[in-house]
Each structure stands twice: as C-alpha cells, then as structure tokens.
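Visitor: As you go down the protein sequences, you meet chains A and B in turn.
Each residue of the first sequence is one higher than the last, beginning at 1 in the working numbering.
Each residue of the second sequence is one higher than the last, beginning at 1 in the working numbering.
Check the hints yourself; a few may be wrong.
Just so you know, same-sequence chains aren't split out, so a pair can sit in one copy or run between any two.
Stated by the list, open to error - Calculated pairs, SDA-like style, for lysine to any residue (alpha carbon to alpha carbon, straight line, at most 20 Å):
1. LYS22 with LEU39
2. LYS74 with SER104
3. LYS103 with VAL49
4. LYS74 with GLN95
5. LYS22 with VAL52
6. LYS22 with LYS74
7. LYS103 with PHE46
8. LYS35 with PHE17
9. LYS74 with VAL15
Calculated directly from the structure, the hints in this document are not laboratory data.
Number of protein chains: 2
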Amino acid sequence: MGFISQTPDPPYYAVIFTSVLKEWGVPSYQETANKMGQLVQDVEGFLGVESVRIGKNGITISYWKNKETIEQWKRNLEHQIAQEKGKSIWYESYQVRVVHVEKSYGKFQAL
Amino acid sequence: MGFISQTPDPPYYAVIFTSVLKEWGVPSYQETANKMGQLVQDVEGFLGVESVRIGKNGITISYWKNKETIEQWKRNLEHQIAQEKGKSIWYESYQVRVVHVEKSYGKFQAL
C-alpha cells in the first residue's frame with residue numbers, strides 16, 4: 001500500500017487532523033492510534049488516509065465520501081473513547097478541519 | 001511559531017500536498033523547499049502552513065483566503081520553476097488537493 005491515497009475524483013470530503021503530542025513515544029498512544037487506523041478501514045464511506053508524524057508533530061488526513069460518514073466515525077464508541085483520551089492525556093494541542101475536496105491532480109507511479 | 005497554524009474562522013481554503021521523494025536528503029530539493037517556504041509568507045491571501053516529512057514521505061498543508069490567491073501562488077514564477085523541478089526531478093509521486101475548509105475546532109495551548 002502506497003503512502004498517497006488513491007481517492008476517487010472530487011468532490012468528496014476530508015478531515016485534516018494536525019496535532020502536537022505532550023510526549024513522544026507513549027506506548028498507550030501508539031497502540032490506540034494503530035487500533036483506530038485498523039478500525040477506520042471498515043467504516044462506511046472511508047476512502048483512505050495519509051499520515052506523518054515526526055517526533056511530537058503529526059498530520060493525519062482521512063478521506064470520506066461525504067459529511068455524514070465523517071459524523072458517523074466521530075460518534076463511533078471506541079473512537080469517542082480515543083478522542084477523550086487524546087484531549088485529556090496525549091495531545092498538547094490539536095486542530096480538526098473538515099474540508100470539501102474540490103479539485104485533485106498529481107503524478108502517480110505504481111510502486 | 002507553533003506547529004499548528006492559527007487560521008481564522010472558516011470558511012477559507014487549503015491546499016493539501018502529499019508527496020513521495022525519489023531520494024531522501026537531496027540538497028537542491030531542501031534549498032528550494034526552504035526558499036518556497038520563505039517566499040509564500042509574503043503572498044497575498046496566505047494564512048499559514050503546516051508541514052511534516054519523515055524520510056521520503058511528506059504532507060504540507062497551506063491555508064489560503066480564497067481560490068484566487070491559491071491560483072496566484074501557483075502562477076508565481078519562482079514557484080513555477082520549483083513545481084517543474086518537483087515533477088521532473090524530485091518527486092516519485094505527489095497529489096495536490098484543493099479544499100474548502102468548512103469547519104474547524106481544536107485545543108490550543110500557547111507554548
């Protein structure tokens with residue numbers, strides 16, 4: 001699986017999640033992040049994810065069919081517990097931006 | 001300056017640029033990336049940037065007042081030369097997504 005998500009032609013939605021961890025390398029954070037990464041794969045309307053973290057700073061972009069499927073994932077019970085822990089324990093700061101993808105172009109080479 | 005951009009309340013625009021370099025640590029790439037990062041600061045309509053690269057994989061999100069200011073930056077002469085080099089020399093693959101930011105919320109702590 002490549003780093004760049006092979007999303008359909010626009011329009012579709014995305015969630016940009018930019019975050020700064022309080023501490024780098026906390027195992028409970030990494031476990032939860034991995035679990036959420038697995039769980040989201042089976043959610044209706046999920047189109048793909050791109051994620052990079054270096055030290056405390058991370059950007060994760062998830063791609064979605066529409067706004068409703070984003071809301072559904074936000075309300076997922078396991079995800080809600082993870083969100084609460086994120087707010088109270090792991091993140092020093094974060095920003096969530098819900099965006100409508102209007103245009104997309106690029107250069108893709110199969111690996 | 002913190003990692004997370006302090007953007008105004010939505011609506012505004014963003015460009016999600018996801019890329020995979022052919023090679024890691026090419027000096028001419030890094031110089032150009034730094035130069036573009038400087039240059040864009042003074043462009044009308046530019047609201048901020050968030051960027052992470054680990055090894056070959058990178059995500060850079062730039063925030064913009066509207067679509068017109070994105071188009072203007074895309075047409076900037078030095079930026080066009082950089083874009084051409086990116087396509088032909090540095091990037092194995094990349095994707096540009098122009099998005100409309102509809103909603104934004106988060107937790108911010110001044111550092």
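Visitor: Each hint: holds or not?
Guide: Status of each hint after checking the structure:
1. LYS22 with LEU39: neither (24 Å within a copy, 31 Å between copies)
2. LYS74 with SER104: Classified as between: cross-chain Cα gap 14 Å, same-chain 25 Å, threshold 20 Å.
3. LYS103 with VAL49: both (17 Å within a copy, 19 Å between copies)
4. LYS74 with GLN95: The answer is within: 14 Å in one copy meets 20 Å, while 26 Å across copies does not.
5. LYS22 with VAL52: both (17 Å within a copy, 17 Å between copies)
6. LYS22 with LYS74: neither (23 Å within a copy, 36 Å between copies)
7. LYS103 with PHE46: For LYS103 and PHE46, both the intra-copy (18 Å) and inter-copy (19 Å) Cα distances are at most 20 Å.
8. LYS35 with PHE17: Cα proximity of LYS35 and PHE17: one copy only (17 Å, versus 26 Å across).
9. LYS74 with VAL15: within (11 Å within a copy, 23 Å between copies)
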